[in-house]
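Below are the chains, spelled out letter by letter.
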Amino acid sequence: MKPVKHLIYRKCSWIKFYCARKGLFQDSTMDNLRKDFLYPPGGILIWIIISLEVVTFAAGLIAFLVTGQSEKELFALSRPLLDRNIGWINTIVLLTGGLFMANAIHSIREGKRKSSSLWMIAAGLAGITFLVLKCVEYSSKLKGGHDLGSDSFFTLYWLLTGFHFLHVALATVILLVLASKVQKGKYSKKSHLDLETAGSFWHMCDLIWLFIFPVVYLLPG
Amino acid sequence: MKRNTIVWLILIALTAASVTLSHAEFRRSYLIAGILGFALVKFLGVAFQFMEIRTAHRGWKILLILFGVSFTVLAYAVSRGGVSL
Chain A
1 MKPVKHLIYR KCSWIKFYCA RKGLFQDSTM DNLRKDFLYP PGGILIWIII SLEVVTFAAG
61 LIAFLVTGQS EKELFALSRP LLDRNIGWIN TIVLLTGGLF MANAIHSIRE GKRKSSSLWM
121 IAAGLAGITF LVLKCVEYSS KLKGGHDLGS DSFFTLYWLL TGFHFLHVAL ATVILLVLAS
181 KVQKGKYSKK SHLDLETAGS FWHMCDLIWL FIFPVVYLLP G
Chain B
1 MKRNTIVWLI LIALTAASVT LSHAEFRRSY LIAGILGFAL VKFLGVAFQF MEIRTAHRGW
61 KILLILFGVS FTVLAYAVSR GGVSL
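In the order they appear, the protein sequences are chains A and B. The first sequence: position 91 = 91 (the numbering used here), numbered continuously. The second sequence: position 42 = 42 (the numbering used here), numbered continuously.
No lab work stands behind these hints: they were computed from the structure. Certain hints may be false.
To spell it out: a stretch of chain B is covered by chain A in this simulated footprint if at least three of its residues, at any positions, have a beta carbon under 8 Å from a beta carbon of chain A; those stretches are [as the list claims (entries may be wrong)]:
#1 31-45
#2 67-81
Pairs of lysine-lysine, BS3-like flavour, derived with a Cα cap of 25 Å [as the list claims (entries may be wrong)]:
#3 B/Lys2 x A/Lys35
#4 B/Lys2 x A/Lys190
#5 A/Lys190 x A/Lys112
#6 B/Lys2 x A/Lys189
Listed next, the stretches of chain A that the computed footprint assigns to chain B, with coverage defined by at least 3 CB atoms under 8 Å from CB atoms of chain B [as the list claims (entries may be wrong)]:
#7 94-103
#8 206-213
What you are looking at is a predicted structure, and each value in this text was computed from that prediction instead of being measured. Think of the CB as a built atom: it goes at the ideal place given N, C-alpha and C, for glycine as much as any other residue.
Start from the sequences, fold in the hints, and give me the full structure.
See the structure below:
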């Protein structure tokens, strides 16, 4: 009996997932669904991606710190070359974008499409600001001759911040595309799981940066 | 939305505190603990409030707290030279 029960449960899970995506549940049913391990905010698939991404970046940051221990002098000389001001401004920009995205989800749940779309555009603009500031930082590093192959500090700096940059760029594009879809009325109070999924991806960029910034820019050499 | 704004203000304050701490002249181990501790609180703040993990199954809350604390402790140990891989 056990395998049959398990199969039925799995099939029901997919039915529940389909209904949630189509907005076929009542609000109270959605609230109950969230208490299920398989239905975290934004859906299980995005959380599998988030888990993998966060663990990968964490491994990269530990590698950065371990290399810093074996090349203490190089790291002590290189860390002050990074622009901390751009670093903390970018942290505030990403956190503000996170607030805007959280407000966008809150608005669509209340059925306020226009407000939700405006919050998402604001979050997208925060993403663009982050990317522009990062480009300014990168260009000053390149002018100073600190490229990917300069030394182990800058190799790890470029890899960690570069991959994060790509994630923010992708998240920004997704937010702006979804904002236009919200304006066109493709999402509603009951059917907006895609927005929650995009929001989770955006906040993942926040999460990763919240550890990159202190480890790469702030820790004493 | 009000709750989101309050959490955002706390996150901004913690960012300012960690940048200020990085310029301060304390014992190195205190600086590392402080900077990583603030980062952990911010990580959990974003996850629980903005990502709404506080409304999710208990398993997700435990997983995120375990991950955040493990990473912070490992990063602290490596930064102090206590762990070499």
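Hints the structure fails to honour: Going through the list in order, the structure violates no hint and respects every one.
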